[in-house]
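Undergrad: Sequence:
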Amino acid sequence: MKVNSPQRRILFFTAKTYEKDKISLLKKLECRPLHNPG
Numbered sequence: 007m008k009v010n011s012p013q014r015r016i017l018f019f020t021a022k023t024y025e026k027d028k029i030s031l032l033k034k035l036e037c038r039p040l041h042n043p044g
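Using my numbering, the letters of the sequence shown correspond one by one to residues 7 to 44.
To be clear, the hints were calculated from the coordinates, so they are not data collected in a lab.
With a straight-line cut-off of 25 Å between C-alpha atoms, the simulated SDA-like cross-links for lysine to any residue are:
1) LYS22 <-> SER11
2) LYS33 <-> THR20
3) LYS34 <-> PHE19
4) LYS34 <-> THR20
All chains should be modelled from the sequences, with the hints used to inform the complete structure.
TA: Here it is as structure tokens:
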């Protein structure tokens, strides 16, 4: 699948970055004993 339009490329890049941030955020939360409700 080719991504030719710059808009789609930006969206794809943002999604990838978001995934990475989410994973690192989850790891940070795992290290912490605190539990936030919600």
